[in-house]
Amino acid sequence: MATQTVVHRFPSPFEVPTPTGAEGWQRMYPYYLLFSEENRSWEEGMLWYQDGIHHPEVLFPFDTISHEAWRIGLGQNNSRIFAIPPAYGIEQRILNGYLYITPVPVSDPKWVEERVGVFMKRAGHYYQNWNALFDRWKEKATRHIEALEGIQIPRLGRLDEEEVVTEARGMSTGWKLLEAYERLIDNFFVAWQYHFEMLNLGYAAYLNLYQFCKQAFPGIGDQTIAQMVAGWDLLFFRPDDELKKLARLALDLGIADRIRQPKRPEEIVAELRQDPKGQAWVAALDEAWRPWFFFSNGAGFYHHHRSWVDDLTVPWAAMKNYMERMERGESVQRPKEEILERRERLAREYRELLPTEQDRQTFDQNLALARTVATYIEDHNFYIEHWHHTIFWNKMREVGDRFVEAGFLEDREDVFYLNRHEVAQALADLVATWATGGRSRGPAYWKREVADRKRILDVLRGWSPVPALGPVPAEITEPFTVMLWGVTTERVQEWLGAAGVRKDDEIRGYAGSPGVAEGTARVILSASQLSEVQPGEILVCPITAPSWGPVFNRIAAAVSDIGGIMSHAAIVSREYGLPAVVGTGDATKRIRTGDRIRVDGNTGVVRILERAAR
Amino acid sequence: MGYVVPLEGCQRSSLPAVGGKAVGLWELLRRGLPVPPGFAVTTEAYREFVASEGLARELRRWLEYAQQSVEAQLEASGRIRELFTERQPPSFLVEEVAGAYARLGEPPVAVRSSAVGEDAKTASFAGEHESFLWVCGAGEVARAVLRCWASLFSPQALSYFAHLGYSPAEAAMGVVVQHMVDARAAGVMITLDPVTGDPSQVTVEAAYGLGLAVVGGEVTPDRFAVDKVTLEVRGVRVGNKSVAYRYDPTWGRVVAAPVAEAEAQRPCLSEHQVQELARMGRQLERELGRAQDVEWAMDAQGRFFLVQTRPETVWSNRPRAPLADPEEPVLSRILRNIRIPMRIAD
Chain A
1 MATQTVVHRF PSPFEVPTPT GAEGWQRMYP YYLLFSEENR SWEEGMLWYQ DGIHHPEVLF
61 PFDTISHEAW RIGLGQNNSR IFAIPPAYGI EQRILNGYLY ITPVPVSDPK WVEERVGVFM
121 KRAGHYYQNW NALFDRWKEK ATRHIEALEG IQIPRLGRLD EEEVVTEARG MSTGWKLLEA
181 YERLIDNFFV AWQYHFEMLN LGYAAYLNLY QFCKQAFPGI GDQTIAQMVA GWDLLFFRPD
241 DELKKLARLA LDLGIADRIR QPKRPEEIVA ELRQDPKGQA WVAALDEAWR PWFFFSNGAG
301 FYHHHRSWVD DLTVPWAAMK NYMERMERGE SVQRPKEEIL ERRERLAREY RELLPTEQDR
361 QTFDQNLALA RTVATYIEDH NFYIEHWHHT IFWNKMREVG DRFVEAGFLE DREDVFYLNR
421 HEVAQALADL VATWATGGRS RGPAYWKREV ADRKRILDVL RGWSPVPALG PVPAEITEPF
481 TVMLWGVTTE RVQEWLGAAG VRKDDEIRGY AGSPGVAEGT ARVILSASQL SEVQPGEILV
541 CPITAPSWGP VFNRIAAAVS DIGGIMSHAA IVSREYGLPA VVGTGDATKR IRTGDRIRVD
601 GNTGVVRILE RAAR
Chain B
1 MGYVVPLEGC QRSSLPAVGG KAVGLWELLR RGLPVPPGFA VTTEAYREFV ASEGLARELR
61 RWLEYAQQSV EAQLEASGRI RELFTERQPP SFLVEEVAGA YARLGEPPVA VRSSAVGEDA
121 KTASFAGEHE SFLWVCGAGE VARAVLRCWA SLFSPQALSY FAHLGYSPAE AAMGVVVQHM
181 VDARAAGVMI TLDPVTGDPS QVTVEAAYGL GLAVVGGEVT PDRFAVDKVT LEVRGVRVGN
241 KSVAYRYDPT WGRVVAAPVA EAEAQRPCLS EHQVQELARM GRQLERELGR AQDVEWAMDA
301 QGRFFLVQTR PETVWSNRPR APLADPEEPV LSRILRNIRI PMRIAD
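As given, the protein sequences belong to chains A and B, one line each in that order. Under the numbering used here, the letters of the first sequence match residues 1 to 614, in that order. Under the numbering used here, the letters of the second sequence match residues 1 to 346, in that order.
Next up, chain B with everything else stripped away, as it sits in the complex (with noise of 0.2 Å):
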């Protein structure tokens, strides 16, 4: 497959190659959805990188360290990850990533990991690895890359591994380098009610900037429940941001900045506005055939850009039983119905 390859150039059956996200990125993009246009750094190319002389004697000398004790395997993890990052990034990397980086137009961009069997089987395992926000210059893209990689052996990586049963020397990660998107507001999108399941609910939580402060929990994001048959809002719960990622071009990074009172507390989307999301949610779960935990930006212009979906796991793994019996008689579950208290007080 190479080094790096195109979003739209992958495919189902490159999930091994290019790892859960990116795959979920071309699902979006074949569909027509809005996705930020970007690459993929392939598991080969993770490969090709461990397998150099000295640093993979080096992994598996720490990974069976790590293997002694928690405290052991916190040290382990430290030293692999300047193992990654404080050595030059290998020149066929940075030959690729350069190349691909010059085709998407040499952007501010977003470079985020992409683990093989994340997304897919192992939910939890999302957002122990590292994403890497508004990076400028193939240089600092091909260094973020290893930063990615190293993330595959963070201290809760590594525990996660131990408890899966699983070694991270088999492990491998893809990395997928993106677009940056200015965002006005982003969140995230569950294709149902996360409180109580219902599947005829698309439930959106969104916040001012980038979507750090809502993945991070540092916002009492807006929430807002939309139907997914009529797309009518069905209610609206409105947070408190008084805190938003934006970019600062006189820090060259990405800063928190506070929001003033009045705006942290007026919505930050238009009913309008959330239907669209709604609607895009709608369709991602239609076609992919099971309810989805969206992650979306909302640019300066209002253009809503979908930055990552994976399958929703909480409610969808759960057994459902069904709530009646179609054989039971309807006279009988009538009957049930009207014998059903109605509690007029708490």
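Chain A on its own, in the form it takes in the complex (with noise of 0.2 Å):
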């Protein structure tokens, strides 16, 4: 990259002023993760942009495990076991508690040669046992759940439990924390190394059906490509259709008016196991309860994107709406012969079109491989964002709790106020402290940094990160940055501020899903708020999460502040055929409830058309 021509050169990081009142914010941080002056003249010739599409807020000090644990995943793969040829991974900087990222080439000529041949042999194992390695992985991914469900977090006694003695452990209580510590961010790295096992494969087998359509067919749309590929099972409608069963069997029991009672969920739910027909119900929920309701309300990679089993709101509305329309002898199910029949016969008429019968074969063949590697691609964030994640966050909120019991901390949740390293410190300091019965510095030590850490993240939130860092070279070779973080050519231009003078009543995203809809547009900014949608409006949130799949049925189209072409949204839209745009940035800033909007999903831009009496 060195010897590439830079076009363009946004801020140094070393230029960038730290916000007054966040003075000291990179003691939150591990000191690897920071940019530094022993580092300084490589960090200042590459290109860094802020990771809008997977880490959009300011990272809370414990939270920045989910993109260190990517760091390392993706890295190795691309570097060390499938030797992409020409790019090593993606290295992470956190500026101002905002993440930035930057891919790294291989520069040297002569090592991405020796790269091919190991790639052919590595990547062509897995293409060619893609399937029976799928099956392996999906066993492991669950053996590997229910190892983290198998960590108990240990209250710390006054003395240790009797057991101790009659089995003979030689080991307390105390050490099993540390020890439950350590294996629980094991645990999370390791889920992390198998989400890349199969991961950027998939994307080059999709990448390749990409760039040929997009050869053969300059004008064809992102998300035709990807509705040519799109399988039918995919595991994040299962939650859905588990809901449409639970709404179904409500009715069948007679039991709907019970659920539609004015009562929080949980209540509900007490009262329904005190009868038969009742339990009846439940058994159907627990039935159902895991894994498909360890389902965030996010993306999974903050703690504070909480899962169905925390709170069910969420299910319980679209389970509601669902009671309704089957009420009416509405149909909910989605429509799943027209989509794969859409699906065919895209593929066949743009097959029909190609000019030779090379590249109907040739066709055929990317075709085939991209829907073979599809399934891992889209299933494997249940696995990994939301079954593990959800249940490895509330184990920590359990650590939390030995520490709020030990005075360190007032609350579980501050737990995340903490770095990985620091909790383990904390918890060094917790353990030896109990073994010792003298003093422990954590008390006062971790409230008063809780409470500054608070205030400082307070003021970080405030600050708008800049898009981009450093030198813009004339291309990169990078071949997923297009596709996992939509960094194309008319993106940078945007962020250079190319595109001119932004108008207000315009907002730019990617197209995640064709169409147009005009209608009221409704800002959501959490799951909780899902059940105030009404039909017809368009849903415009920070990110439209899996688990609010039941709210598509209901809008006209949705926008959303993150995500690109592949993220679950614009899946989601493309299945029920509503018009998507994603990753605008800002779109739940700009829009208000009750503005009316046009969303073209064709060319991914939203309009406000109308502002909202005030």
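Hints in this document: simulated from the structure, not taken from any laboratory. It is possible that some hints are incorrect.
Taking CB as the label site, the calculated pair distances span [unchecked claim]:
1. B:His272 with A:Ser107: 51 to 57 Å
2. B:Gln156 with A:Glu349: 36 to 42 Å
3. A:Glu349 with B:Asp182: 32 to 38 Å
4. A:Glu349 with B:Arg12: 23 to 29 Å
If you're wondering where the values come from, they're calculated on a predicted model, not measured in any experiment. All C-beta atoms, glycine included, are put in the ideal place defined by N, C-alpha and C.
Could you use the hints to bring the two separately framed chains together as a complex?
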């Protein structure tokens, strides 16, 4: 990259000032994730961009574990395992609490060539055995999640339990607590090792079809290619399907009115457990619970992305909606035949447009492989980001409980203001003083620190991260950047402000799902507000999480701040045939509930037609 | 075949008799596509006419003369034109045309050349021959037919014949007479992307009024790119359609009228209308087995009519190498793709 022409320069990371009041933010994060004088010349030579797709928010110190895990998982698979010839991994830095990333190219041409042979052999093995390896992966992932569930976060009593003696354990519960934390962290990182085991190979195969289609049909929409590939039995439709079954059962059992009571869902479930009819329904709920309710209302990357198991409000609202629609005799099933027929029709008709028989053969091969890998691309999130992470964040809350019990923290949620290394240190402090009976520094130290960090994070939340840092090279050799992070020529131009003056009534994002719709906007900032969405409205939200699936039955279109063409929101919208514009950055800030807007899912533009009366 | 034949009475084998345009329209008609009703004047009528006493001899003389030089070609063209237009249409023609015109209901019509070989083989011949719009009355129609015939000997046509090594004396010309569409908008449609050759796109160009402004390049038309498979509108470039050709009853002819600025800079077709048109283009291409270049018009009620179709020749005649070798392992294709650097700035 050093030899490349630099066409523009964003500010150097060393020039960006710390917002007033956020001084000292650096200490919240591991030293190796900060820009440093030692590496300044290298760091100033790279283009860094804020990862608005996966990590648009200020990072809680503990939550850096998510991107650290993909930093290693993605990196090692590209660099050392499959030897993607031109690309190493994605390097990360934190600046003012936000994550910046840069792809690292393999700059030695000789080494690139040597890697080709390795890649052919190793990637070839995976492609040839894809389905069998994915079956094995699912088993491995499931076992891994079970191992996570099995990790107990023991309470430290005044005395250790008697079994330590009778079972001759020779080890205290205190040590078990330290061990449990180590295992939690280990388990989390391993989950991300698995996450990337097949992912980039999957993307590479998808990219192969994508590039072919773009070459043969320069004007073809990204979503159209995605639609030719999309599978039917996607795991993330499954939780929604379970809700439909529960809705049907509630109607069949005649307990619909009890479910509709204006009470917290958890209370209603407790009541239903008291009588036979209710029990039958709750048994079905229990049956569906694991894993389908371990379903995040967000992307799962942050501890505050809560899941259905944490709060039933979201699935409950969806289920009630299904019951109503079923009572009216409407069908709530996704039109399976229609969707499959459409997928085949698209593939067939594009295929017929290819000018030569060779092209049609190549297309068939590329499409077949893309469809083979698609199930992995679509389903891996459910295992890792949803099922696994739901459990993980809650286990960490239990760790938080231990700190609260020892007086280190005021609240279990405060544990997320410590980074993972600091949690280990604080636990060392806690367990050692539990063992010695001496005084720990923790209570004073961490309570003060957490209070200070809350203040700093608040300041950083008010800072608008600069979109990119450093020089813009003319080209990047990183095959996955476009697909995973949406970095394109246009996007860089937009960052540069070359796209012209920003229009107040126009919001640009990615065309996530084709079609155009006009309607009233409903800005939804968290899953708990989803029940406010009225039929025919346009959903405007920070991130369209898969668990929001049910609301897609009611809306006319969707707009999100975060997400790319392969984001769940885009996929669900395509499935439901709704226009969607994703990755707008700030639609939720610029659009207000009640505004009349026009969503153009073909061009990725949202226009505010009429402001709501205030 | 006779001197006159209704469009729906043509067939593929009548190409030598009625010319490419008429057969093209018949292809549209028999597929249920909307075509303004009309009839064709056959090459038999043309031959009968040019064989007539006096004309045949004069024609031969001027064609021989034309071979001498470019200047001679120009002069000969003018003289031949006079031979055709400065005499009364022969009575056999007037009779036949009047009968067919009466059956049509005597509406204003468009009279257009339908050269034999024009569309099929020698595409760039198209446009060298004349069309007459808003012709009223049987006598005028017959005169317009003569003028169409004369355009077989326009200077451009003569030099083109020379270029092809083709004797104009053996050439013949059919003529199409069709209901005039009082077009609110009109234009062309190509069933691919003329810029990239993308076969999955239908490109529509449209402007207000009759199609003259678009075909003649007098306005920047609206350009719509439509996905041929999904019919989604991929892109719209709104042109500046400052002039519209419309029939002016006061003058009794087609005039170029200015278009108000706000209207000129608004798309002249709705998304839905563009899709309707693209759907017809797709059907045509599928049934005719190759990309088409279509002229269309939309009347005041928003009804579309196709007034001409011919095979697209630029991209369709270009030899297309396969994009990849299907014998090459998929893996090595994947490898090639991931090694293509992404341009992030130009």
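Hint-by-hint comparison with the structure:
Checked against the hint of 51 to 57 Å, the C-beta distance between His272 (chain B) and Ser107 (chain A) comes to roughly 53 Å, which is consistent with it. Checked against the given bound of 36 to 42 Å, the beta carbons of Gln156 (chain B) and Glu349 (chain A), roughly 40 Å apart, stay inside it. For the hinted restraint 32 to 38 Å between Glu349 (chain A) and Asp182 (chain B), the CB-CB distance of approximately 36 Å keeps it satisfied. In this structure the supplied range 23 to 29 Å holds for Glu349 (chain A) paired with Arg12 (chain B), their Cβ-Cβ distance being about 27 Å.
Going through the hint list in order, the structure satisfies each hint without exception.
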